[in-house]
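Visitor: Chains as they are written, first to last, in the working numbering: chain G, 1 to 329; chain F, 1 to 327; chain S, 1 to 299.
Simulated from the structure, these hints should not be mistaken for lab results.
Ideal Cβ positions, reconstructed from N, Cα and C, are used throughout, including at glycine.
Please note: incorrect hints may appear among the correct ones.
With a Cα cut of at most 25 Å, we get these calculated DSS-like pairs of lysine-lysine [claimed, not checked]:
#, chain 1, residue 1, chain 2, residue 2
1, F, Lys-80, F, Lys-132
2, F, Lys-120, F, Lys-172
3, G, Lys-73, S, Lys-67
4, G, Lys-20, S, Lys-184
5, G, Lys-103, G, Lys-74
6, G, Lys-103, S, Lys-67
7, G, Lys-74, S, Lys-184
8, F, Lys-88, G, Lys-33
9, G, Lys-79, S, Lys-67
Far from chain F, by Cβ distances over 12 Å, these chain G residues were calculated [stated by the list, open to error]:
#, residue
10, Ser-6
11, Asp-9
12, Val-21
13, Gly-41
14, Ile-66
15, Gln-127
16, Asp-138
17, His-145
18, Gln-184
19, Val-190
20, Arg-212
21, Ser-214
22, Tyr-242
23, Ile-247
24, His-309
25, Glu-321
Distance windows between CB atoms, simulated [claimed, not checked]:
#, chain 1, residue 1, chain 2, residue 2, range
26, F, Gly-277, G, Arg-16, 44 to 50 Å
27, G, Ala-313, F, Ala-254, 41 to 47 Å
28, F, Lys-132, S, Phe-138, 54 to 60 Å
29, G, Pro-136, S, Phe-138, 48 to 54 Å
30, S, Arg-158, G, Pro-136, 45 to 51 Å
31, S, Phe-138, G, Gly-18, 27 to 33 Å
32, F, Thr-2, G, Pro-136, 39 to 45 Å
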Amino acid sequence: MNEILSVDDLVVEYNRNGSKVRAVAGVDLRLEKGEILGLVGESGCGKSTLGKAIVGILGAAEGEIIFDGLPVKKLTRGKRPEHFRNLQMVFQDPYGSLNPRRKIGAQVIDGLVIGGMHRSKALARAQELLGMVGLPADALGRFPHQFSGGQRQRIAIARALAASANVLIADEPISALDTSSQAQVSNLLVNLVHELSVGMVFISHDLSIVRRISDRVAVMYLGKIVETGTVEQIWESPAHPYTKALIAAIPHADGRSTMPTDLPGDVPNPMSPPNGCRFHPRCPLAMPDCAVIEPEFVTLADNRQVACHLQKAGQEPVSLELIPRVPAP
Amino acid sequence: MTLLNVSDLTVTLATSTGDADAVRNLSFSLDHGEILGIAGESGSGKTMTALSILGLLPYKGKASGSINFEGREVLGSSKKEFQHMRGKEISMIFQDPMTSLHPMLTVQTQLTEHMRYHNKMSKSAARESALKLLDTVKIPDPASALRAHPSQFSGGMRQRIAIAMALACEPKLLIADEPTTALDVTVQAGILRLLHQIRDERNLSIMIITHDLGVLSSLTDKILIMYAGSEVESGPTRELLSNPRHPYSQGLIAALPGASREGKFLTSIHGMPPELGNFPSGCAFHPRCGFAEDRCSVPPIDATVVSEGHRIYCPVNPFSHDRVEQS
Amino acid sequence: MILSPNTRKTLKALETPTEKKGKGSTNSIWRQPLAIVGLTIVGVWVFVAVFAPWVAPYDPYSQEFDKFIPPSAEHWMGTDELNRDILSRVIYGARISLPYSILLVVLSAIIGTIVGGVSGFFGGRVDATLMRITDMFFAFPGIILAMAVAAALGPEIRNAVIAITIVAWPVYARLVRGLILNSKSSDYVTASSLLGSSSLRTLFVDLRPNISGPVFVLMALEVGTALLLLSGLSFLGLGATPPSAEWGAMVSMGAVNFDRWWVGLFPGLAILTAVLAFNFIGDTLRDALDPRTAKALRD
Numbered sequence: 001m002n003e004i005l006s007v008d009d010l011v012v013e014y015n016r017n018g019s020k021v022r023a024v025a026g027v028d029l030r031l032e033k034g035e036i037l038g039l040v041g042e043s044g045c046g047k048s049t050l051g052k053a054i055v056g057i058l059g060a061a062e063g064e065i066i067f068d069g070l071p072v073k074k075l076t077r078g079k080r081p082e083h084f085r086n087l088q089m090v091f092q093d094p095y096g097s098l099n100p101r102r103k104i105g106a107q108v109i110d111g112l113v114i115g116g117m118h119r120s121k122a123l124a125r126a127q128e129l130l131g132m133v134g135l136p137a138d139a140l141g142r143f144p145h146q147f148s149g150g151q152r153q154r155i156a157i158a159r160a161l162a163a164s165a166n167v168l169i170a171d172e173p174i175s176a177l178d179t180s181s182q183a184q185v186s187n188l189l190v191n192l193v194h195e196l197s198v199g200m201v202f203i204s205h206d207l208s209i210v211r212r213i214s215d216r217v218a219v220m221y222l223g224k225i226v227e228t229g230t231v232e233q234i235w236e237s238p239a240h241p242y243t244k245a246l247i248a249a250i251p252h253a254d255g256r257s258t259m260p261t262d263l264p265g266d267v268p269n270p271m272s273p274p275n276g277c278r279f280h281p282r283c284p285l286a287m288p289d290c291a292v293i294e295p296e297f298v299t300l301a302d303n304r305q306v307a308c309h310l311q312k313a314g315q316e317p318v319s320l321e322l323i324p325r326v327p328a329p
Numbered sequence: 001m002t003l004l005n006v007s008d009l010t011v012t013l014a015t016s017t018g019d020a021d022a023v024r025n026l027s028f029s030l031d032h033g034e035i036l037g038i039a040g041e042s043g044s045g046k047t048m049t050a051l052s053i054l055g056l057l058p059y060k061g062k063a064s065g066s067i068n069f070e071g072r073e074v075l076g077s078s079k080k081e082f083q084h085m086r087g088k089e090i091s092m093i094f095q096d097p098m099t100s101l102h103p104m105l106t107v108q109t110q111l112t113e114h115m116r117y118h119n120k121m122s123k124s125a126a127r128e129s130a131l132k133l134l135d136t137v138k139i140p141d142p143a144s145a146l147r148a149h150p151s152q153f154s155g156g157m158r159q160r161i162a163i164a165m166a167l168a169c170e171p172k173l174l175i176a177d178e179p180t181t182a183l184d185v186t187v188q189a190g191i192l193r194l195l196h197q198i199r200d201e202r203n204l205s206i207m208i209i210t211h212d213l214g215v216l217s218s219l220t221d222k223i224l225i226m227y228a229g230s231e232v233e234s235g236p237t238r239e240l241l242s243n244p245r246h247p248y249s250q251g252l253i254a255a256l257p258g259a260s261r262e263g264k265f266l267t268s269i270h271g272m273p274p275e276l277g278n279f280p281s282g283c284a285f286h287p288r289c290g291f292a293e294d295r296c297s298v299p300p301i302d303a304t305v306v307s308e309g310h311r312i313y314c315p316v317n318p319f320s321h322d323r324v325e326q327s
Numbered sequence: 001m002i003l004s005p006n007t008r009k010t011l012k013a014l015e016t017p018t019e020k021k022g023k024g025s026t027n028s029i030w031r032q033p034l035a036i037v038g039l040t041i042v043g044v045w046v047f048v049a050v051f052a053p054w055v056a057p058y059d060p061y062s063q064e065f066d067k068f069i070p071p072s073a074e075h076w077m078g079t080d081e082l083n084r085d086i087l088s089r090v091i092y093g094a095r096i097s098l099p100y101s102i103l104l105v106v107l108s109a110i111i112g113t114i115v116g117g118v119s120g121f122f123g124g125r126v127d128a129t130l131m132r133i134t135d136m137f138f139a140f141p142g143i144i145l146a147m148a149v150a151a152a153l154g155p156e157i158r159n160a161v162i163a164i165t166i167v168a169w170p171v172y173a174r175l176v177r178g179l180i181l182n183s184k185s186s187d188y189v190t191a192s193s194l195l196g197s198s199s200l201r202t203l204f205v206d207l208r209p210n211i212s213g214p215v216f217v218l219m220a221l222e223v224g225t226a227l228l229l230l231s232g233l234s235f236l237g238l239g240a241t242p243p244s245a246e247w248g249a250m251v252s253m254g255a256v257n258f259d260r261w262w263v264g265l266f267p268g269l270a271i272l273t274a275v276l277a278f279n280f281i282g283d284t285l286r287d288a289l290d291p292r293t294a295k296a297l298r299d
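Extracted from the complex, chain G is given alone in its bound form (with noise of 0.2 Å):
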């Protein structure tokens, strides 16, 4: 099998004002050698959120996540045991990841030093890193104020991969940076997935981009998932209705004036979220039963995944046509 990751019933949890939010209300996932996974979705639906209980910087409240056969566990005082130190994440803030005071070299071998490698060598193996993600060597010894964001954030990939990292979660990793840093960064994240077999899962609220690089992708809705699928399949025929809302929102630069669809209301405040399917309130398809009960996660026919009452498992996927809600203006 060439599954890395595997999320099961995940629920991660937060303290609001003595009561309990379920920012991540039971997730399933699954992210194979070498694959990029799109992790979409809009502010407060949770996927920053899922991406830290993945890697342990949340714990779980409920279900499991397994890396490579072990189950991961939340981050102690003491060493990350070194099965995990092969799960890493790349952080959205090329300017808070890395240490203003420590010199980059020193960064970068953190990993190898932590576990066991002599300094020289590190050293020698932080060159050859620094060189994959295109920097030159004399970066070792200079400090991240002398970088740009792009720069950086390559530094911070460096450092991930001189931990041998077999799984990547990136955060938003290229929403901070210019447009062209954009570019070059997600580039190198694309090839070194593909040299390295790395897994990684690309959390983004940026949809173009999670199109044009990802394999399979994941559509996150206050803290569940709504749907999986491959990229071909969520943008050509999306089964659950906020996919098909959310790509419809999405301008297009080609000079024809056609207005984004609009999707009215607001997302619910996730300490009280709907009854039934969380997205019922909004949803210009919902039908009685969507206020009672909640969709299960189910699988089509074409292999993907979906919570939706109009979609039934192991059939092929019913084409959506939007009624809108309100009439255009």
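Chain G is fixed; fit chains F and S onto it per the hints.
Guide: Showing chains F and S alone in chain G's frame:
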């Protein structure tokens, strides 16, 4: 009569290394009810252009040239004249709805404040007006919304409130600086539709500043692309986006993730935009341009007409002989 | 590692790092006028303290002169109530004030850093308890507590140092705890943990460089305060004992003999210049540490 006519606008800012021109000899016009999009990367001067129209340049910033609004020259107005204009004739909304609304004041106060200043309305008349405005921007339950504070609303709702504030005194021109950049894509779609609707209902002119070509494509009637303080290309939206002629515009469009379906590799324009005060001579884009020739670094760079209303600033004009295919 | 043509092609498109100005060194910062003045004055005092026997014109304890001679050619600073040359005493005073102030600062920094470090690192109840204790010490008016301790232990410069250390350490504890709490939530600390670093290692490898800078700044700024407190205690008779040539004690005598203005003025000036100089150095250190002001000063 055109609503807004900007000619030869130059904005000079004071930097730590001396004066630098953030906007250089910019000219454009806007008709009643027209939506103009100003596009460019950060540092292109687009925000300074907008701020100079309202007299909101930073300390020691100077603007020269001509900004003609409804037949009168606006550049050089006194503080009081600008104050009279802001909110009443020209309004502005900003990128971050978290910080552009006052966290401590109720929605009602913020909506009615300048209404009462400009139009000398009574409190109850202003409140009536405010309710209608909230309805226009589709805020549910306007009566409760008036009593609430901005922190109780989501980002998209706050932007709608900001738009309501901007419309309160019925301005003729609304300037929107990256109004949807900080919003989710579905929320953005709602705001774009709202702006379109308001334009149709009130014949409002809108100047929208953004780097997002998708937003420009759906909302605007015409586009002005800026680079290093100068125009590189301008024209009707449909024409410009389907037939971009300036190498920079071509690059921007080719760099869009949705531009091609081939492979996973994104392209981007080589190099970085120049820093303020260090703009290359002649066409500022020439160091990054694959078509650059010697004459590109020699000022002045004159406009070349591509078609009706569509012009570029490129001495080489490399695509003049063939219509460029859009994938 | 063999890279495919695609990777090599990608790497070609990646730019060479932009060379930002400077290499992170702070050399040019020390060329600021404030820094030069501060360093010069401290340098002079250190020199004077070290080479006192050669620099001082007379023996500071010798009482062979006349009483209360105003400043003159033989006695640049005059003589005091016990017929001693004031200039020599001021010079020898540096040997007490400087080392003891620095000792005091180092001691309180060590204690405060340990308390703040443990507090920030462990958090929870340990943090709460230690911080309440720190607050208690903070609440006491410094000089009063120092007076009480010094009075209880007996007037001696060593006891004065102990007394002041007791009131001086809390500020370091607060600082270090704050820095640790701040840094603990940084992504780079999380990244270190993901790479397998234990919290202890993170503390010493990742957090220490972020803590040492501000602590040193605080220490430099606190030397002046320490010096003033020490002199103050001696002024009150609770520090250095006669016949020690300590600046604070000398100022005390000057206060009693107000009409002989030179008795109190010169030791007072000595305190003033030393404290000011340390404050200048502390300010410069702080500007050097903050990357934004550092850049502004460099350009």
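Visitor: Keeping to a limit of 25 Å between CA atoms, is the pair of Lys-73 of chain G and Lys-67 of chain S held or broken?
Guide: violated (81 Å)
Visitor: Does the claim that Gln-184 of chain G lies off the interface hold, with its Cβ farther than 12 Å from every Cβ of chain F?
Guide: violated (7 Å)
Visitor: Any Cβ of chain F at or closer than 12 Å to Asp-138 of chain G, or is the non-interface label fine?
Guide: With a cut-off of 12 Å, Asp-138 of chain G remains clear of chain F, as the shortest Cβ separation is near 21 Å.
Visitor: Is Lys-20 of chain G within 25 Å of Lys-184 of chain S, Cα to Cα?
Guide: Within the cut-off at roughly 24 Å; holds.
Visitor: Please check whether Thr-2 of chain F and Pro-136 of chain G have a Cβ separation lying inside 39 to 45 Å.
Guide: Violated, at about 54 Å.
Visitor: Confirm or reject the statement that Ile-66 of chain G sits farther than 12 Å, beta carbon to beta carbon, from all of chain F.
Guide: Ile-66 of chain G clear of chain F: closest Cβ-Cβ about 27 Å, beyond 12 Å.
Visitor: Can the restraint linking Lys-74 of chain G and Lys-184 of chain S be considered satisfied, given a maximum Cα separation of 25 Å?
Guide: With Cα atoms ~16 Å apart, Lys-74 of chain G and Lys-184 of chain S stay inside 25 Å; holds.
Visitor: Holds or violated: are the alpha carbons of Lys-80 of chain F and Lys-132 of chain F at most 25 Å from each other?
Guide: Since the Cα atoms of Lys-80 of chain F and Lys-132 of chain F sit roughly 29 Å apart, the hinted pair is violated (cutoff 25 Å).
Visitor: Just double-check Ile-247 of chain G for me: nearest Cβ-Cβ distance to chain F has to come out over 12 Å.
Guide: At roughly 9 Å from the nearest Cβ of chain F, Ile-247 of chain G sits no farther out than 12 Å, so the non-interface label is violated.
Visitor: How does the Cβ-Cβ distance of Lys-132 of chain F and Phe-138 of chain S compare with 54 to 60 Å: does it lie in that range?
Guide: Hint holds: Cβ distance 57 Å, inside 54 to 60 Å.
Visitor: Is it correct that the beta-carbon of His-145 of chain G has no partner in chain F closer than or equal to 12 Å?
Guide: holds (17 Å)
Visitor: Verify that the Cβ of His-309 of chain G lies farther than 12 Å from every Cβ atom of chain F, and report whether the claim holds or is violated.
Guide: For His-309 of chain G, whose nearest Cβ neighbour in chain F is about 21 Å away, the distance exceeds 12 Å, so it holds.
In the structure shown, a violation is registered for the earlier hints numbered 1, 3, 5, 6, 8, 9, 13, 18, 19, 20, 21, 22, 23, 30 and 32, in ascending order.
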